[in-house]
Amino acid sequence: MNDMRILERDVDTNTIKIAARGVQVYYGDNHAIKDVDVDIQDKTVTAFIGPSGCGKSTFLRCLNRMNDTIDICRVEGDIHIDGEDIYDKRVDPVQLRAKVGMVFQKPNPFPKSIYDNVAYGPRIHGLAKNKAELDEIVENALRRAAIWNEVKDRLNAPGTGLSGGQQQRLCIARAVATEPEVLLMDEPCSALDPIATAQVEELIDELRQNYSVVIVTHSMQQAARVSQKTAFFHLGNLVEYGETGNIFTNPEDPRTESYITGRIG
Amino acid sequence: MTDATTSSLPSATPVSGKGSLMQQDSRTRKRNAAETRFKAYGITAITIGMLMLLVLVYNIVSRGTGAFQQTFVTLEVALPAEKLDKNGTRNLDDIKKVSTFGYAPLLRDAFEAKIAEKNIETELSGKEMAGILSAGAAAQLRDFVLADPTVIGSTVAFEFLASSRVDGYLKSRVSRDSIANDKNISAEQLDFVDQLIASGDVEKRFNLAFITGADSSDARPEAAGMGVSMMGSFFMMLVVLVLALPIGVAASIYLEEFAPKNWLTDVIEVNISNLAAVPSIVFGILGLAVFINYMHLPTSAPLVGGLVLTLMTLPTIIISTRASLKAVPPSIRDAALGVGASKMQSVFHHVLPLAAPGILTGTIIGLAQALGETAPLLLIGMVGFIASNPPDSIASGLLDPNSAMPAQIYEWAKRADPAFYERAWGGIIILLLFLVTMNTIAVILRRRFERRW
Ligand SMILES: Nc1ncnc2c1ncn2[C@@H]1O[C@H](COP(=O)(O)OP(=O)(O)OP(=O)(O)O)[C@@H](O)[C@H]1O
Ligand SMILES: [Mg+2]
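From first to last, the protein sequence lines are chains S and R. Just so we're aligned, residue 1 is where the first sequence starts under our numbering, counting upward by one. Just so we're aligned, residue 1 is where the second sequence starts under our numbering, counting upward by one.
Certain hints may be false.
Said to hold, decoys possible - Calculated lysine-lysine pairs in the DSS-like style (CA-CA distance at most 27 Å, straight line):
#  : chain 1 : residue 1 : chain 2 : residue 2
1  : R       : Lys326    : R       : Lys261
2  : R       : Lys97     : R       : Lys118
3  : S       : Lys89     : S       : Lys129
4  : S       : Lys106    : R       : Lys183
5  : R       : Lys183    : R       : Lys204
6  : R       : Lys343    : S       : Lys112
7  : R       : Lys83     : R       : Lys39
8  : R       : Lys326    : S       : Lys131
9  : R       : Lys343    : S       : Lys106
10 : S       : Lys34     : S       : Lys89
11 : R       : Lys39     : R       : Lys127
12 : S       : Lys131    : S       : Lys112
13 : R       : Lys343    : S       : Lys99
14 : R       : Lys171    : R       : Lys127
15 : R       : Lys343    : S       : Lys129
16 : R       : Lys114    : R       : Lys39
17 : S       : Lys89     : R       : Lys261
18 : R       : Lys118    : R       : Lys96
19 : R       : Lys204    : R       : Lys127
20 : S       : Lys89     : R       : Lys343
21 : R       : Lys171    : R       : Lys18
22 : S       : Lys112    : S       : Lys129
23 : R       : Lys204    : R       : Lys114
24 : R       : Lys118    : R       : Lys83
25 : S       : Lys112    : R       : Lys326
26 : S       : Lys34     : S       : Lys129
27 : R       : Lys18     : R       : Lys114
No lab work stands behind these hints, which were simulated from the structure alone. Quick caveat, the model's predicted, so the values are computed rather than measured.
Chain S with its partners taken away, still in its complex shape (with noise of 0.2 Å):
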């Protein structure tokens, strides 16, 4: 491992936040993910590519042990985070969920008030002191998921009664409230019109600056303009994984290729 931090150093600062080795997933009999390696820098936006179904979610379920409540899946391999393994018996899932935060594919807001979607995450984790901080927590929040003006006014009214891109941007802020250290998304803006989707991305720009952000994504542009690192996944094979750049200009592996050039056209 250390032979590769000094590796990847050539080209980024950045240090590995996440290490992924020998990553299997099976649901059942159903062998999802095969066999990925992934080395995810700190401070960096990463986006996972690929068809439907290639297991881009499952692996983004893996990094914060989302998998342990479906029944049939099993996770192998080793995920580090911080040098730490977090498939350790020693470490409890919650604290790693705090650390890692999530925002799912379907948006799913509590149904509860707009406010309390955003309070909860910080209340369970006793971040704010009064009541005071916690408004402010909640307005930060929902102003860097770009809904802050669409909501301000109604802050008591139901989640679930926004549309489904306000609920999504609403997920988004509950998720940055927590204030992670990694943020996964799996396709964050499916829902959202272009200029959402600008300020969402916009966003994962700013997260960058702190965190280190997971993206999954269907655009390619999306990926193209939010990330510095991308994984193509294919049939649950880690295909291709480098710079963003080299990915779309210069694929390695004629199914990167394939793909890139299909979707783009």
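Since the structure of chain S is provided, determine the placement of chain R with the ligands on it from the hints.
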């Protein structure tokens, strides 16, 4: 588009391709006919259901409302000291020595006085006249005097219950033909009653005692009431609620959210479903064997009844709770876990509140079921004659022998006297009112909760 095309619609083009939309093709007609037929079936089904309900309600109301009215006889009774308190000391112990037999002559005298005052002509003896009163009249008189001995020596106006025959006569249940062989009442007594009705001394009124009173012996159907058995039912429901709700909800949450899915939990699941289908009388036998014979809890106690009904209600509550937990979308759990909530936080902060309306409904339905349950109560002895007063504390409410509403109804329906039959129907009205109230509360609570989310 030019102005010309927008200002006037293009004329209809000749039928081509799929045909004109103005005419339904044969498939559309068939589909519509099928839909109309289906709606008709549905409306027919609902109409039949409503009709049956109407017949049921009409029957119950027409037979049962009589029980809420009772015939009363107004009588001014003189309470002479020389008969009730010979020593004149107003000593309670002395007064108590006069039994109800000592009071019976006072009633006769009161009737004699009445006919003299109202100029009623009758051949009846004083004893026969007093026969139109409930057998409990003398006891009522005695209780009144014992409660306040200072009334001795004065004349007090009383309202006595009429005997069930007289009451039946006023409710058209008893006629001169039907009493031909009846030793309890004669045609002359009915004539006398007619005269008293004319003079305003006998009348039918609303009878609160039916709702609040205790059961009475076979000879006095007119005095029987639901009150004490209502208390019995209330205490049983208390036991059921306190035990079945927390146990049922905790078990469901564990099974649904925490338990690993393996053969053991499958077995448990199947068994819970089986328990829900076990006939209630089996729970009664179980209660008899375990709670009474083995644990030696008192027979006929609402505590035991409540325990038995808890066993019966648990599966209902568990099944409905699990169903409403299952109905909460998994994405909500993911969302909570995703921001770093623990399993328990996700369940208690998000899943349970969403499932609450369903849990509530299931619980109230379970309680309503338990409230109307009779069979297990027969086995643990919660039927039979409980003529005591309402319990005076929670402990005695739980442990003193009592009956329950459905058992009381069963008990009355079983007795030979048609006057009790009427009270059974009246009891059914009260029971149904309780059930309707409970269900209404369930609906209101559910609405409340739903509005919040
Ligand atoms: N909960 C699950 N239970 C069983 N199989 C699953 C489950 N979730 C995913 N899979 C399987 O794992 C494979 C990868 O699914 P995954 O959701 O990771 O794909 P994806 O790359 O995210 O696709 P998409 O772009 O459509 O979201 C698929 O074959 C899918 O059928
Ligand atoms: Mg996916």
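Hint check:
1. Lys326(R) <-> Lys261(R): Roughly 14 Å separates the two Cα atoms, so the pair holds.
2. Lys97(R) <-> Lys118(R): violated (34 Å)
3. Lys89(S) <-> Lys129(S): violated (32 Å)
4. Lys106(S) <-> Lys183(R): violated (83 Å)
5. Lys183(R) <-> Lys204(R): Given pair Lys183(R), Lys204(R) holds - Cα atoms ~23 Å apart, limit 27 Å.
6. Lys343(R) <-> Lys112(S): holds (19 Å)
7. Lys83(R) <-> Lys39(R): Not OK: Lys83(R) and Lys39(R) at ~78 Å, beyond 27 Å, violated.
8. Lys326(R) <-> Lys131(S): violated (34 Å)
9. Lys343(R) <-> Lys106(S): Since the Cα atoms of Lys343(R) and Lys106(S) sit roughly 21 Å apart, the hinted pair holds (cutoff 27 Å).
10. Lys34(S) <-> Lys89(S): The hint holds at about 23 Å.
11. Lys39(R) <-> Lys127(R): With a Cα-Cα distance of about 69 Å, the restraint between Lys39(R) and Lys127(R) is violated, given a limit of 27 Å.
12. Lys131(S) <-> Lys112(S): Holds, at roughly 18 Å.
13. Lys343(R) <-> Lys99(S): Satisfied, since the Cα-Cα distance of roughly 16 Å is no more than 27 Å.
14. Lys171(R) <-> Lys127(R): holds (24 Å)
15. Lys343(R) <-> Lys129(S): holds (24 Å)
16. Lys114(R) <-> Lys39(R): Violated, because 68 Å separates the two Cα atoms, which is more than 27 Å.
17. Lys89(S) <-> Lys261(R): With a Cα-Cα distance of about 21 Å, the restraint between Lys89(S) and Lys261(R) holds, given a limit of 27 Å.
18. Lys118(R) <-> Lys96(R): With a Cα-Cα distance of about 33 Å, the restraint between Lys118(R) and Lys96(R) is violated, given a limit of 27 Å.
19. Lys204(R) <-> Lys127(R): Cα-Cα ~23 Å, so holds.
20. Lys89(S) <-> Lys343(R): Holds, at roughly 17 Å.
21. Lys171(R) <-> Lys18(R): violated (74 Å)
22. Lys112(S) <-> Lys129(S): Since the Cα atoms of Lys112(S) and Lys129(S) sit roughly 22 Å apart, the hinted pair holds (cutoff 27 Å).
23. Lys204(R) <-> Lys114(R): holds (19 Å)
24. Lys118(R) <-> Lys83(R): holds (26 Å)
25. Lys112(S) <-> Lys326(R): Answer holds: Lys112(S) to Lys326(R) is near 19 Å, not above 27 Å.
26. Lys34(S) <-> Lys129(S): violated (45 Å)
27. Lys18(R) <-> Lys114(R): Distance ~96 Å between Lys18(R) and Lys114(R) Cα, so the pair is violated.
Hint compliance for this structure: hints 2, 3, 4, 7, 8, 11, 16, 18, 21, 26 and 27 are broken, all remaining hints hold.
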